[in-house]
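Required output: the full structure, derived from the provided sequences and hints.
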Amino acid sequence: MKFFIAGIMQGSLRDPSLHTQNYRTLLSEWILESFEHAEVYDPLQGHGGSVEYDETTGKQTFYNHNHMCGDDIDVLVAFAPEASMGTAIEMWEAYRNRKIVITISPMAHNWVIRFCSHLVFDSLESFQNALRDNTIQRLFAEHNPSIDPLDI
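Mapped onto our numbering, the consecutive letters of the sequence shown carry residue numbers 5 to 156.
Hints listed in this document are in silico derivations from the structure and should not be mistaken for laboratory results.
A virtual CB, placed ideally from N, CA and C, is assigned to each residue, including glycine.
Among these hints, one or two may not hold up.
Computed spacing ranges between beta-carbons, pair by pair [unchecked claim]: (1) T29 - S130: 17 to 27 Å; (2) T60 - S130: 15 to 25 Å; (3) A42 - N101: 32 to 42 Å; (4) D76 - E40: 17 to 27 Å.
Okay, structure coming up:
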């Protein structure tokens with residue numbers, strides 16, 4: 005099962021910097037611990053200097069990641085502690101292409117989060133608890149009845 009870690013990078017920052025990205029390591033670790041056959045793609049890996057990319061490289065990276073969300077993954081896990089335009093586009097691409105979208109955000113009222121997510125958690129801790137109690141594994145089985153949650 006292929007996971008894509010979407011989440012806030014620049015958000016509404018006006019200078020060329022990134023929000024803290026610690027959540028990416030946590031999510032990757034938790035997913036890999038919970039799913040024996042998981043592959044996790046983190047778009048920040050290999051793109052740590054993306055805020056400094058030239059126009060061509062930035063555009064290619066942006067479009068490639070959005071293409072991946074629609075075609076190359078099974079599950080998108082989005083971390084949006086505040087609004088993130090890139091994350092919203094990745095969520096939309098995954099959702100409209102019938103991928104599973106799981107969102108971690110306190111903004112459950114936001115339409116993108118409400119209407120483009122299969123599950124919404126208000127914190128990283130609640131996401132981790134849902135992995136522990138098999139809530140997420142059951143979602144996978146509901147989304148694809150041929151999947152045995154114990155085999156994930």
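These are the hints, each one checked on the structure:
| no. | hint | verdict |
| --- | --- | --- |
| 1 | T29 - S130: 17 to 27 Å | holds (18 Å) |
| 2 | T60 - S130: 15 to 25 Å | violated (40 Å) |
| 3 | A42 - N101: 32 to 42 Å | violated (19 Å) |
| 4 | D76 - E40: 17 to 27 Å | holds (20 Å) |
When held up to the earlier numbered hints, the structure conflicts with 2, 3 and fits the remainder.
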